[in-house]
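K.L.:
Each chain is listed here by its residues.
2 protein chains.
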Amino acid sequence: MTNLLKPEISPFIVMEILEEAQKLERIGKKIIHLEIGEPTEEVDEKIVKNGLKALKEKKYKYSSSLGIPELRKLISDDYKTNFNLNIQPERIIVTSGSSAAILLAILSSTKINEEIIIIDPHYPCYPQIIKILGRDIKTFKTYEMENYQIDINKLKKIISKKTKALIVNSPANPTGVSQSDSILKKLSNLNIQIISDEIYQGLSIDYPLNTILKHDLSNSIVVNGFSKYYSMTGWRLGYLIMPKRLIRYAQKLQQNMFICAPTISQHAATGCYKISKKNKDFLIKKYKKNRDFLIKELKKMNIDINYKPDSAFYIFCDMSNYTKNSLNLCKDILDKVGLALAPGIDFGKDYKKFIRISYASTFSDIQEGMALLHSYLKKYIK
Amino acid sequence: MTNLLKPEISPFIVMEILEEAQKLERIGKKIIHLEIGEPTEEVDEKIVKNGLKALKEKKYKYSSSLGIPELRKLISDDYKTNFNLNIQPERIIVTSGSSAAILLAILSSTKINEEIIIIDPHYPCYPQIIKILGRDIKTFKTYEMENYQIDINKLKKIISKKTKALIVNSPANPTGVSQSDSILKKLSNLNIQIISDEIYQGLSIDYPLNTILKHDLSNSIVVNGFSKYYSMTGWRLGYLIMPKRLIRYAQKLQQNMFICAPTISQHAATGCYKISKKNKDFLIKKYKKNRDFLIKELKKMNIDINYKPDSAFYIFCDMSNYTKNSLNLCKDILDKVGLALAPGIDFGKDYKKFIRISYASTFSDIQEGMALLHSYLKKYIK
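Order-wise, the sequence lines are chains P and L. Mapping the first sequence onto the numbering used here, position 281 (from 1) lands on 283, and the numbers just tick up by one. Mapping the second sequence onto the numbering used here, position 109 (from 1) lands on 111, and the numbers just tick up by one.
Chain P with its partners taken away, still in its complex shape:
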């Protein structure tokens, strides 16, 4: 049988690093993980408690395709509390992770061969998903010296008749930067469908949390979920907020493609809205401590962070002082000192000299990781 596969899908390079790290761990080597975007935080006991309760009460049948009404109401209430916005539960679809939400968002708002703009540096899966679904990609670059903010005037120039949607990720992976409120507002005034991936919402250290819905309550598509802020990664639970004109179409996609999101996870996630303010503040304090320590230590190693990573537990580091190929560098650092880091190439073709450091880790791991990086650079590079 001939194998005419298309499109070509890039592997997730950070996953290859992770697998290499796990291989080393299996032979007894200690590895410090600062490569993956997965919080080491424990899931709050209120979430676990509701999960256990759901299991014991046999709440594990198919749910409504849109999600359990209780969770959709709580999400709606949360937008009221946080932003004084009225998002009717009817506009909310609970999904199998924010991944499924992105799929539904793209499929609901664009057609095959239409063009979607993504912002460089980008979450690695965006271009792959767009290719898989047969849509075209246009990239728009942002720069460290501009604090990775989107230059709206430049952006307008690349929007063509073929352009149907734009995916913005704020706070962003891999930079840990939020777009300013005025940029979000300007984005919402462009005449294309905005898909606002707000999966890192809440993980803001320097600014209040934000949403594009503040500026465009009725037209934006919002992707969000429970994996990052609530650390519910393996629970596979996200949600979509859809414009009314698209909700019915998206529901039909959900029915046919996914049936529903995992039911136990949905019941567990109702516990998210009972977490105390004290615990939430404590989380952000921890991340602030991690970030500030990292920036200080990196500076000591002559790795200057010339922008403000204000959120989303990532720092994107220009390593051009040390390498022309950060993939090789990451592999060598892992091999020599047991520190796992994400190579920049995952986030766009122009980032071959960058690495991403995740600080969704423990402070002691970050301390140890920085000591390892320091010793590596001293011993093997300088």
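Keep in mind the hints are simulated off the structure, nothing from the lab. Keep in mind the model is a prediction, meaning the values are calculated, not measured. Careful, some of the hints might be misleading.
Identical copies carry no separate label here, and so any pair may be met within one copy or between two of them.
Unchecked claim - Below, computed lysine-lysine pairings styled on PhoX-like, alpha-carbon distance capped at 25 Å: (1) K287 / K381; (2) K63 / K32; (3) K25 / K282; (4) K164 / K302; (5) K276 / K61; (6) K133 / K113; (7) K140 / K113; (8) K61 / K31; (9) K187 / K82; (10) K113 / K254.
Following the hints, put chain L in place on chain P, whose structure we already have.
P.N.:
Okay, now just chain L, sitting in the frame of chain P:
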């Protein structure tokens, strides 16, 4: 903003019936549910126990994109035990329900605009998913008088250069029929990619369980999962068995589109392989009793089942003695006597006079359902 949505996705009509039924339930009306393909069986305590254990042991982080090694090994062992087949765990991808497995199967083996054959009557989601992914559909009809078996010679005539894959569902929704072993063998000899959806595997009343892998160990794609035989519907857990040539591509799709299947569900599902033979036999006995009772009762109402529904807890009934439009009939039966049934139109355009009855229900509900149908037909039709 103009809304140029495409393709047109049909709603899942049985879901509309279900929602109507739930509306009636909310105003206090009692409804007998024989419409949905969801077992009322409780999930085995061994599964729940492992789920609780995973939660307590905090096993809820992202898993490997292919699934936890333990579960993939157990699936592999199960094929060894049941069929004496060696399926290496490397060929198995654990997915978010068999729905995600179908998406990955289609995306791995076909391109946009290529043609996929589905067998009529069909699972409602197949044509929708194929359309959503931009592939073309060709339908091949099977007939009650031929026991819904695929006529391979006729099938060969509709295979063209454009045809890249065929989805076969055996045991099948909505007929509850298994393709004979010799037909499976002949399918595996066609020069197109076979996607064998075996989600009802194990739910065989009259024949031993089967798989296309017996005839084509290396080329078929198999879709399977835990929702039907193990009643783990809301857990969203399925799996794919891929040919070696496609496994890497499918893994990249999984990484980008889904990250991984729900981790707690994966750990829970390891309990499936500890269920006693006695309990498994008891389940099939129960389904046999339900089915035999149904056929006998339907005959009394002049609804003859002229084929052998040997598996998969469904009976597909030709209601042409009573109606030209079974959707209206189903709505009226629900409205008048509180019995929910699935209209045939969900399963193909030629089935407007059919209804599907699910017997994955309790015997007493089936008894009551048949009494209601009898009283309805007597009072409102004859």
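K.L.:
Evaluate each hint against the coordinates.
P.N.:
Verification of the supplied hints:
1. K287 / K381: Result: close neither inside a copy nor across copies, 34 Å intra and 70 Å inter.
2. K63 / K32: between (41 Å within a copy, 20 Å between copies)
3. K25 / K282: Intra 35 Å, inter 38 Å, cutoff 25 Å: neither.
4. K164 / K302: neither (47 Å within a copy, 61 Å between copies)
5. K276 / K61: Both, since 20 Å and 22 Å are each at most 25 Å.
6. K133 / K113: Intra 12 Å, inter 12 Å, cutoff 25 Å: intra and inter.
7. K140 / K113: both (15 Å within a copy, 22 Å between copies)
8. K61 / K31: Classified as between; 22 Å across copies, 42 Å inside a copy.
9. K187 / K82: For K187 and K82, the Cα distance is within 25 Å only inside one copy (19 Å; across copies 59 Å).
10. K113 / K254: Close inside one copy (16 Å) and across copies (23 Å); limit 25 Å.
Hints 1, 3 and 4 from the earlier list are contradicted by this structure; the remaining hints agree with it.
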